Amino acid sequence: MRLLIIFIIICLNWGCKKEQKIEIIWQTLANGEKKPMGVLIDRKKNGLWIEYYDNGKTGIIKSYRNNLLNGPSIVYSLNGRLTHVTNYLDSTYHGEYILYSCDTTCINIKGYYKHGKPVGIWDFYPQCDCRLSRKIDYGADGNKNDTLIDNHLEPILMNGDKIMEELEKSRKN
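For the sequence shown, numbering that gives the first Met the number 0 gives the first residue as 0, with consecutive numbering after it.
Derived from the structure by calculation, the hints contain no laboratory data. Small disclaimer: the values here were computed from a predicted structure and weren't measured. Treat the hints with care, since some could be wrong.
Stated by the list, open to error - Cut-off 30 angstroms, straight-line C-alpha distance, at most; resulting in silico cross-link-like pairs (DSSO-like, lysine-lysine): (1) 116 - 43; (2) 20 - 43; (3) 109 - 56.
Produce the complete structure using the sequences and hints provided.
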């Protein structure tokens, strides 16, 4: 274990310029326990960052490069359930987006972003129900082209509080 820590420190120092300042940031939980969150290089977040709930369980795992979100972001609920997975490029949604409902066996929303715009076909499912409710095609340009399937099972909730239709209206304006 000691050799692994020494190896990691050597790798970090070797890949960095001598004038770079490297600092490990810690999160203190309610019980006083400290857990490592991530690394600052020249006061900028780099690599994986982990935020914890006070019970010690992982809340969010994010990937940074030069203080910008780059790569996957994984969010867990307080009880440890996976709630959503997103991807970023320069702190903008880019790549697959999945929002889970109730448990990880059912997806609530699944689609792809390209430079912050939804693109391609997005699937929408009612909360806690694995039946497909809607399929919407946003095309390659991020503008809604067509609703491919609409089973009218129930209004689709986006982030728990916005009905999808309202989100679509705001994109058009």
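The hints, checked one at a time:
1. Taking the CA atoms of residue 116 and residue 43, the gap is about 26 angstroms. The hint holds against a cut of 30 angstroms.
2. At most 30 angstroms may separate the alpha-carbon atoms for a hinted pair to count; residue 20 and residue 43 meet this at roughly 10 angstroms.
3. With a CA separation close to 25 angstroms, the supplied pair residue 109 and residue 56 stays within the 30 angstroms bound.
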